[in-house]
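Each chain is listed here by its residues.
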Amino acid sequence: MGRIVLENVTKSFGETQVIPPLDLTIEDGEFAVFVGPSGCGKSTLLRLIAGLEETTSGRVMIDGDDMTEVSPAKRGLAMVFQTYALYPHMSVRKNIAFPLRMAKKSQSEIDALVEQAANTLNLNDYLEKKPGQLSGGQRQRVAIGRAIVREPTGFLFDEPLSNLDAALRVGMRLEISELHERLKTTMIYVTHDQVEAMTMANKIVVLRAGNIEQVGSPLDLYHQPQNKFVASFIGSPTMNLIEGPEAGKHDAHTIGVRPEHIEVSQTDGTWEGTVGVAEHLGSDTFFYVHNTGLADTITVRAPGDVRFNHGDKIHLTPRADVIHRFDTAGMRL
Amino acid sequence: MAIVAQSSKYGRTGRTALAWVVGLLFFFPIFWMVLTSFKSDADAVKPEFLFFFTPTLENYVNMTENYDYWRFAQNSVITSVFATIFALIVGIPCAYAMAFNPSRATKDVLMWMLSTKMLPAAAVLYPMTFITKSVGLFDTHFMVILVLCLINLPIVVWMLFTYFKEIPKEIIEAGQMDGVNTWGEIREILIPLAWGGIASTALLCFIFCWNEAYWTVRLTTTDAATLSKLIEGNRAPEGLFFGRLSAVSAAAVGPIVVLGWFCQKQLVQGLTFGAVK
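Each protein sequence line maps, in turn, to chains A and B. With my numbering, letter number 244 in the first sequence gets 254, and the count goes up by one each step, no holes. With my numbering, letter number 95 in the second sequence gets 97, and the count goes up by one each step, no holes.
A hint or two may mislead.
When the alpha-carbon atoms are kept at most 20 Å apart in a straight line, the in silico SDA-like pairs for lysine to any residue are as follows [claimed, not checked]: (1) A:K84 <-> B:E190; (2) B:K109 <-> B:P95; (3) A:K84 <-> B:N183; (4) A:K323 <-> A:T264; (5) A:K104 <-> B:E187; (6) B:K267 <-> B:W22; (7) B:K109 <-> B:W160; (8) A:K84 <-> A:G68; (9) A:K115 <-> B:E190; (10) A:K104 <-> B:I188; (11) A:K104 <-> B:N183; (12) A:K104 <-> B:P194; (13) A:K104 <-> A:E138; (14) A:K139 <-> A:E125; (15) B:K167 <-> A:P98.
In short, the hints are calculated from the structure, not lab data.
Next up, chain A with everything else stripped away, as it sits in the complex (with noise of 0.2 Å):
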C-alpha cells in the first residue's frame, strides 16, 4: 500500500505563504512527477510529505493514517536526494544498511537484505567502496539501494539525476522507470525537466508558485493543456502561443500550435515567414522563423530532411484540429 494524500496542505516560511492551500492524492503504485520551474514549491511539496518540513496547516495522509506529526523515518517512506546523501564516511554496504541498522534488524536479515539490494542495482562489486570512489550514477544507485532496502510505502526522489551528465540522466530515467515496473510501489518524482516527467510519469502534477496548475496523464497534459502556463510548459520544442487578429480567428485571445503540428512548405501556408535558426538534429529539423507577423518568433519541427537555410521564405499551415484556445485569464476554451 502506499496511497498518500494532502488535504488542504499549506506551507509558510514566515510571512511568506509557499504553498497555498493544496489536495492531491496520489493512489497506490502510481508514478507520479511534480513538475515545474525554480521555486514552485514542488521540493518544498515533496519535503512536507517526508516529514521533512512541517506543514502550517493541513493534513498529510498516508493510507488512510494521519502523519502531520509523525517523524519522517515513520512515515514509512524512503527518499533519494539530489545529492545523493549517501554517508561518505560509511562502505557502500554499510550506506545501504544502515536504515536496517537502525530499524534494529538481525545481522544476517541485513545481509541478505543488502545482497538482494545489490543485486537489483548491480553494485556487488561496489560494496566495500567508500562513495568518494564512485561516479555520480553508481553513487545514485546506492543511494536508491539504500531507499529500495527499507521497502518503503512510497519512495520519494528529489531531482535524483540532475547532477548527472545527459547520457547518465537517460540511463538512470529507464533504471527507475524499471524499478517502478518490478517494484510496483508508489513514487513520487520532483524535476524541472518536463522531458523526465512526460517520460517517467502515470500522473504529472504541473506547479506554479505553489499552486497545482494541472494533474493529468502526460498525455492528457500535451493535448488538453488547461492553461497557458501548461501549455508552454510541457512539451518541447515549447508550444507557439499567438495573440491578435490571428487569435480572433478561432474566437479565442490567445491561440496555441505545438511546433510539431506546423507543416512547412516552399510555396504555399496560411502563413508565411523567414527561417532565422535552423537546428538539425538528423531525426528532426527545428526552425525558428521570423517576420510572421503572428509572434516574434514561430517555432517549427519538421522531418529531419527538410532543407531550409537561413534566410529563406518559409510558408507555415497549422493543423486546424489541434489549435488550442485559450481566454483572456489564459485558461483553456
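Given chain A, work out where chain B should sit, using these hints.
Below, chain B without anything else, positioned relative to chain A:
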C-alpha cells in the same frame, strides 16, 4: 612570458624570506627563554653571556626539588583535559542545533556568545573570587575546570558550528529518513564526518586551557594550582631571577609546544577553519 615567470619567482622568494623572518621573530623569545633557562641567575642578566656561557641545570633541579613541578603539571593536565571534554560535550550539541536547525535568533546567539569574550575578565574577578570562596570551591579542580570550560565555550561552539555548516544538510536529513534520532545523528553521522574539525577544536581548546593564566592564578593557591601559577610563584619579592623563571616557563610551555609540533596539521586546519568536504 619570461619577465612574468621571473617576477613570480622573485615574488615567491620574497614571500619565503618574509615567512622565515616572521617565523624567527616569533620563535626568538622561546629560543631565548630556553637558552636563559640553562644560565645561572647571575649570568642571565649579563649581556656578555648572551650566547656564550657555561650551561647549568641548576634551575631545573631547583624547580623540581623546591617547587614540586610535577604536581603543577598534573593539575594543568587534569584541568585542561576535563575542561576540553566538557566544552565538547556542551559545544557539540549546541553547534549541531544551530547549524542544522537554525532559528532567527541563531546569528544573534552566536554573536552574543562571542561578545562574552570581549568582557574584561577583571570586571568579574571580585564576584568570582567571592562566590567561589563562599561556596567552598576556591582552589578546587572542579572550579578551575568549570571556569576554563566556560571561557573557552564560545570559541568551541563557533569553531564547531563552522565545521558542521560544511556538512550538507541532506546527509542529516537522509539520517532522519533512515530512522536515526537526534543523538544517533550526532553519534553516527555528525561526529564521524566532522572528526577532523572536532579534533582541531579540542586541540585548540586544550592549548587555550593550558595557557590560561588570569583565572588559574587568581582562583587557586596550592591544591588546584596549574603551571601558570608555578610561573607566577617564581616572582620573588627580592627581584626577578631570570634563569629560574625561564626554566619554569620552559617547563610549562614545553609539553604544549611538543603537542603543537605533532599536531601542526590539525592546528592549521583548526585556525583556518573547515575542510570536511
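How the hints compare with the structure:
{"no.": "1", "hint": "A:K84 <-> B:E190", "result": "19 Å, holds"}
{"no.": "2", "hint": "B:K109 <-> B:P95", "result": "16 Å, holds"}
{"no.": "3", "hint": "A:K84 <-> B:N183", "result": "11 Å, holds"}
{"no.": "4", "hint": "A:K323 <-> A:T264", "result": "25 Å, violated"}
{"no.": "5", "hint": "A:K104 <-> B:E187", "result": "15 Å, holds"}
{"no.": "6", "hint": "B:K267 <-> B:W22", "result": "19 Å, holds"}
{"no.": "7", "hint": "B:K109 <-> B:W160", "result": "11 Å, holds"}
{"no.": "8", "hint": "A:K84 <-> A:G68", "result": "19 Å, holds"}
{"no.": "9", "hint": "A:K115 <-> B:E190", "result": "17 Å, holds"}
{"no.": "10", "hint": "A:K104 <-> B:I188", "result": "17 Å, holds"}
{"no.": "11", "hint": "A:K104 <-> B:N183", "result": "18 Å, holds"}
{"no.": "12", "hint": "A:K104 <-> B:P194", "result": "14 Å, holds"}
{"no.": "13", "hint": "A:K104 <-> A:E138", "result": "8 Å, holds"}
{"no.": "14", "hint": "A:K139 <-> A:E125", "result": "15 Å, holds"}
{"no.": "15", "hint": "B:K167 <-> A:P98", "result": "16 Å, holds"}
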